[in-house]
Amino acid sequence: MPERRTVALVTLGCARNEVDSEELAGRLEADGWQLVEDAEDADVAVVNTCGFVEAAKKDSVDALLEANDLKGHGRTQAVVAVGCMAERYGKELAEALPEADGVLGFDDYADISDRLRTILNGGIHASHTPRDRRKLLPISPAERQGAGAGVALPGHGAVTGTGTGTDTAADTDAGSVAGPVEPVEAPADLPEGVAPVSGPRAPLRRRLDGAPVASVKLASGCDRRCTFCAIPSFRGSFISRRPSDVLNETRWLAEQGVKEVMLVSENNTSYGKDLGDIRLLESLLPELADVDGIERVRVSYLQPAEMRPGLIDVLTSTPKVAPYFDLSFQHSAPDVLRAMRRFGDTDRFLELLDTIRSKAPQAGVRSNFIVGFPGETEADLAELERFLSNARLDAIGVFGYSDEDGTEAATYENKLDEDVVQARLARVSRLAEELVSQRAEERVGETVHVLVESVGGEDGAYGRGAHQAPETDGQVLFTNFEDFAGLTGGEELTVGRMVEAKVVGTEGVDLLAELLPGSLGQLACSHSEEAAR
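Per the working numbering, residue 69 is the first one in the sequence shown, and the count goes up by one each step.
There's no promise every hint is true.
[Stated by the list, open to error] DSS-like cross-link-like pairs, simulated, lysine-lysine; straight-line CA separation at most 30 Å:
no.	residue 1	residue 2
1	Lys427	Lys126
2	Lys126	Lys159
3	Lys203	Lys427
4	Lys483	Lys341
5	Lys139	Lys126
[As the list claims (entries may be wrong)] Simulated DEER-style distance windows between Cβ atoms:
no.	residue 1	residue 2	range
6	Val512	Asp360	42 to 50 Å
7	Gly361	Gly513	42 to 50 Å
8	Ala164	Glu550	49 to 57 Å
9	Asp137	Arg425	29 to 37 Å
Just so you know, the hints here were simulated from the structure itself, not pulled from any lab data.
Every residue gets a Cβ at the ideal spot worked out from N, C-alpha and C, and that includes glycine.
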């Protein structure tokens, strides 16, 4: 038997890209490829690029060049670019970066195995030609489901097999927008961790790490037209996944040992609008929380202008659904927001936060902001600072404005000098750092439910509370984890366990907490009783 070809996936950017990589991994392994962790051990390195902002694009180019340096010094024979930057620039990227042996767009994902074999065998696959993906589907969301056969939707976990699955009350009659997917013949020695293709409605996905948290795509694309953002042009119009597909993928992840799922898309508050029910997320969340083995469900990427009372109620009152609000404010000065084609102002945003905290005082809230937007005045910046000073956000991302190709804002004439943008970025970043530290200090004395993510490493033991999303919002560091070393009978501290801890101090945005004696067993019992009810 010939040696299996090896492939490594290098992922940059957001959680949505991570889901896309795991779908590519599922496709490749189902077609006989051997996945390896390090690019130097692979015949081909596939770099899943990010094309959002200049810094991310630079990181993507650096990753491609780093992988290219491996050629001729080991096993690596080819480097291939996929992902948002490859989709967005295509031939232009290929011409500017001849070190990449292939630049593949989203439409190549379904045939990723053939594309990589062609490249490895010395053949040439024409570089992707970019196109505005918003034009591939009907303008009306109600007409999109079923109208997009053949339109690539990365990370939607194309359903394999022909079983009926387990439909739920939240399901709809709409079919998959990409049309039916033919069963794929899997190799007999399919490794552990890749979704089987014979079972009913199994996701075409392969986990690339053993972390107890994983992302699940609710939708792809975006219908908003923010003037600073190019994402809709290369991710396309908004398309929801079927609720049954989301549920079945979550069940599969639970079988793989995942304890927390994070729902991702460009705009989760729009979920279901193209399926005929804008409140579909409110119906779906309790069902996801009831999946055996799942301890926490987290929702990311929420639009403030689309928040509705029913969604706030579900997010703040449903057991196992984190009271977590990743709200895309971007600014709070009305004139700047209008120039961005967004809605709201400082007082309305503060009122929204008051509503959330009246229902869940410990709710976590994070957001990102752009400073130095064209036309932003000192008064606008002061208004943003007023909002930040009163919002009590747990995590704040601050970015200086820069032109993005193909966006409306890039054509604006009233741009600020770069030194002004950088000065404002530094000023607001300092304020943000101070404010999130203050917010962390407010949590001293709280009891938090923490998903354990590491035990016994250089940093001791740590995890994340309900108000902390992976990689962006800080961690909970256990100060007394050694007291639990060697315990048995359900009291041992292990990765993937949900524990209770009392916050006793802070280190910037991170919390220092003491594990509560007996909390592991008590949480296990309470969750069992909750499920029984």
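For each hint, the structure was consulted:
1. Lys427 - Lys126: violated (42 Å)
2. Lys126 - Lys159: holds (17 Å)
3. Lys203 - Lys427: Since the Cα atoms of Lys203 and Lys427 sit roughly 41 Å apart, the hinted pair is violated (cutoff 30 Å).
4. Lys483 - Lys341: Violated, because 36 Å separates the two Cα atoms, which is more than 30 Å.
5. Lys139 - Lys126: Status holds; Cα separation ~21 Å.
6. Val512 - Asp360: 42 to 50 Å: Hint violated: Cβ distance 35 Å, outside 42 to 50 Å.
7. Gly361 - Gly513: 42 to 50 Å: Violated, at about 31 Å.
8. Ala164 - Glu550: 49 to 57 Å: holds (52 Å)
9. Asp137 - Arg425: 29 to 37 Å: Violated - the Cβ-Cβ distance for Asp137 and Arg425, about 50 Å, lies outside 29 to 37 Å.
Checked against the numbered hints listed earlier, the structure breaks hints 1, 3, 4, 6, 7 and 9; every other hint is satisfied.
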